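Visitor: Chain order of the listed sequences is A and B. Residue numbering for the first sequence follows the UniProt record's numbering, starting at 1 and increasing by one per position. Residue numbering for the second sequence follows the UniProt record's numbering, starting at 1 and increasing by one per position.
Careful, some of the hints might be misleading.
[Said to hold, decoys possible] Listed next, the in silico DSS-like pairs over lysine-lysine satisfying Cα-Cα at most 30 Å (straight line): (1) A:Lys456 / A:Lys354; (2) B:Lys106 / A:Lys354; (3) A:Lys59 / A:Lys354; (4) A:Lys59 / B:Lys329; (5) A:Lys456 / B:Lys329; (6) B:Lys329 / B:Lys313; (7) A:Lys354 / B:Lys269.
[Said to hold, decoys possible] Okay, the calculated bits of chain A under chain B, using three or more residues with CB under 8 Å as the criterion: (8) 358–371; (9) 399–410.
Derived from the structure by calculation, the hints contain no laboratory data. Computed from a predicted structure; not experimentally measured. Backbone N, C-alpha and C define an ideal beta-carbon position, used for all residues, glycine too.
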Amino acid sequence: MSVDELSRAFRQHGRIVIVGASLAGLRAAETLREEGFTGSLTMIGDEPQEPYDRPPLSKQVLLGHMPADATPLPRRRALDAQWRLGVAATGLDLTGRQVRLADGEEVPFDRLLIATGTRARPWVKEAEADLDGVFVLRTSDDAARLNRRLTARPRRVLIVGAGFTGSEIASACRERGLEVTVAERGPAPLVGALGGVIGAVAAELQREHGVDLRCGITVTALEGDSAGRLTCAHLSDGTVLDVDVAVIALGAMRNTEWLAGSGVAAGPRGVACDAGCRAFDIHGIVTDDIFVAGDVARSPHPLFGYQFLSLEHWGNAVTQAEVAAHNMISSGPDRLPYLWVPAFWSAQFGVNIKSTGVPTMGDKLMITQGSLAEHRFTVAYGFQGRVIAAVAFDQARWLDFYRRLIETAAPFPLEFANVDRRPEGLRAVPSEFPDPSLPSHGPTVTLSGYSPSDRKVTFTPARM
Amino acid sequence: MTSGTLLRQITDYANRADPYPLYTELRRTPVARQDDGVYTVSTYWEILSLLHDPRLSSDLRNRVPQPGDALPLEEDPSLPVSFIRLDPPEHDRLRRLATRPFGPPKCPRRVFNMRGELTRMVSDLIDGFQGRNQVDIVDDFAYPFPVAVICKLLGVPRQDEARFHVWAEAIVAALDPNPAEGPAERQRASQQARSEMGRYLAELIEEHRHVPGDDMFSALATDHGPDGQMTPVELIATGVLLLIAGHETTVNLISNGMLTLLRHPDVLKRLRDDPGLAVPLVEELLRYEPPVQLLPQRTALDDIDIAGTVIPKGAPIWLVLASGNRDPKRFPDAERFEPERRDNQHLGFGSGIHYCFGAPLARLEAQLALTELARRLDNPQLVNDPPPYRRNPVLRGPRHLSVAFDDLLA
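Required output: the full structure, derived from the provided sequences and hints.
Guide: In C-alpha cells form, the structure reads like this:
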C-alpha cells in the first residue's frame, strides 16, 4: 500500500488510545473526530469524573459561587469513544502497542496520545501532609474539600507558596473574609513567573487586601494535635503560626511515572516531543505513533531559541491537543508544527492578569502602557534586543498586539509612541528574576501567518 | 478604477443596498491610501490587529489635518467627549464607571434579568400588528423595541422619546463621512442637538439623583466605586453615548436580520422550528450584515507598518469592519449566510478596548426579536427588495422594511 492508502486506512479503521481525560485529552479526541477519524477511540482517565475545567476551581468554586462538580468542559461535538474513567494507566508496552491499566486490563492501540497532565506537588513530609487541615488544589475533589473547610470558617489559613495558584487561593480566602497568611520563599509573590518588578506589585495587591504576606521565608514544619488535626505551622524565622488550614501551593509534578521503563523519553520534566507533538524515545529518536499534548509535554519552540518548553497553560492544552490530533491522522507534509505563543491568565484580588510569550526569558522590562502605581498596566519583557513577552494587569485587550510583536521579533526597547505611555515606561529596567536561565542563542526566526495552516517560520538574522 | 473613487462609491447612497461587491474590490489593497489622505483598512487580520494596536488613537485631537478630511477637527470645547472618542487612561476610567451598573463584576445579571421584560415588549409590539396584513418592520417594530429597552435600562421616560429621537437623528447624521453632502451643516446641527440633549439629560439625571430608581442613570448618579464617580459633564457625555448607541444600532441589527431571513426563507423556517438557532444566527448576522459598517475615527500616533504599507503618524484611518467580515482569507465561503457557522469571530462589535459596550444587550434583543417575528408572522413576504435604506453608510440599515403576511399567529 502507498503512504496515502495506509493513511486513509488508518483514518477509517485505526485504533487510537488517549491516556488522560482532561482538557487536552478531550480536545484531541474532538479534533480527531472533527477531522474525519472514524476508527476506534478509547479515553482513559484516572479520575471518575467526565473531563472538567480547572481554572474555576481556585476562583468561583473556592468563593462558594459554584459547586466543584459544576465545571464540566463543554463538548464541541459528540465523540463516539469508549470511556475508561476512574482507572489509571500504569504502563506502556511500546513494542507490543498496549497500555496497561490499574485494573490489570491491557488496551491495544495503533497510535497513542499521552495527555496525563500534572498533579499538585504534595507537602514534603508525608506525615505532616496527612494532617487533617492540610490541602492541595488540583482536582475537583480537592476544591470541594477545601471549599467545605473554608465554609466552616477556619481561624486562619496558611498558604505555602505565592505562585499563581497560591495567590488565587489567598485572594478567594480574603474575599470570603478569612484571615490569610501567605508564606513565600522568594522575595515577592509571582516572582518566579513575572520577576521582581511585577512581583512587587503583586505583593502590594496582597497587602492592600489584608493578606499577611511573608516573603523570604519557608515553612519548616506543620504540627497537629493528638487527633491528627493541624494546629500550627513553624516558619524558618522561628515564628509559630496558629492555623487550622494550610494549602500547599508549591507547583505541579508531571504524571510520567507510568511511563517508566517504557522506552519513551519521559521524566520529571515531562515527555519530550518534537514540534509536531511526536514523543521522543529514550535515544532521542522521534517515535511516529506516540504523541504528547498538554501539561505533560515538553516541546521545542523555534521562536524561543528552540528551548523545550513545558507549559501548564489552559490554551497550551487546547492548541497542542488540536495539533497533536491533526498530526496523528495526517502524514508527511500535511503535518503541522506546534507554534503557539504561550499565553496564560489569572484573576486575583480583583485584577485580571494576562500574559503572552515567555516572561521568564526576559532580562529587561518596560511599562509600555498604564502605571505600576495604579496596578493597571502593560509590561513588555525584552531579551537580547527583542520583545520576548508581555503581561497586562487589567489591560488584557491590548495583548494581541504584543503577541504580534513577539512573533515578529520586534526590537526592544519599544520606542514608538502609543496611548497611555507614562514617563516610567520610557526606559527599560532589569526585570529582576531571581535566577534567570538564559538560552544561548539569539533571535533567528520569526513567525508569520494567522491560521494554523499558513503559520510559517522564517529565519532572520539577529539584530545586533 | 482608483481606490479613491472606490471609497467614494462605497459612501455613495446609490450603493447603500449592496456595498459588498465594492468591499471585495477594496480588499485587493488591504491598506489603501485614499485621495484625501485617509487610509482604509479592509482585510480581517489587518483590522483586527489595528483594533488592538496602542499606536492607534480614538481621540481626534491626535489627528494631523488632512486636505479634504471628512471629519472636522473642531469640536465644540463646551461639549464633553464620550469615552468612545477617548484613549486610556480617561477612556478606561469612564468605561469602568459606566460598566459598574451594567455588567460584571458588580451587576452580572443586569442584562439577563431583563429577558422577561424584553419578551413582553416584543410580544406587545407584535400583538399590535393585529388586523393588518402588512407592516413596516422598521417603524412598527425594530425602532420602537430598542428604544423602549434603552429608556427602561437608563431610566429615561418613554414619553420623551419623540424629543430625543430628533436629537439622535441629527447626531447620527453627522457621523456620515460623505463629504459630498454638506458636512459642516450636519456638524452644526449635530452640535446643536448634543447641547439640547445634554441639557435634557442634565435635568433628568438630577431628578434621578434625588429619587433614584433601579436604572443606570440613577446608579451612575449615586453609586460610589473605587474610581469615584463621573463628574456631571462626564455623566451627560456618557448618557448621550449610551442613549444613541443603545438605540441606533440595534434597529439596524434587527431590520437587517429580518431582511436577511426573508431572503433566506429556509433559514426563517428553521428558526421558527428551533428557537435555539437564534444564538448562532445572530452572530452570523453580525458578520454578514453588521450594523456598524466601518470605524472612521482612528488616528495613527506613530508610523505604522502594516501589510506592506506605512501609515504615517497623524493620518486618519478607516477600519472597514463589514469588509473584514467578508474576508475570504478569514471566513470560508465568506459571502454566504451560514446561520450555524463555526469559528465566527466577526468584527460586528469591533474588538479591543472599544468593543461594543452594549453587545450582550444587543445580542439578546436581536435573538428575542427575530425568533418571535419568525414564529408569529405566517408566510411573511418581502414587499420591496431591496428596501429603501437610511442615508448613513456608517450605521447602515433599511429605512423601511415592508413585510406582508397572511396571518398573525398566537
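Visitor: Hint by hint, note whether the structure agrees.
Guide: Hint check results:
no.	hint	result
1	A:Lys456 / A:Lys354	holds (25 Å)
2	B:Lys106 / A:Lys354	holds (21 Å)
3	A:Lys59 / A:Lys354	holds (15 Å)
4	A:Lys59 / B:Lys329	violated (38 Å)
5	A:Lys456 / B:Lys329	holds (16 Å)
6	B:Lys329 / B:Lys313	holds (28 Å)
7	A:Lys354 / B:Lys269	violated (43 Å)
8	358–371	holds (count 3)
9	399–410	holds (count 4)
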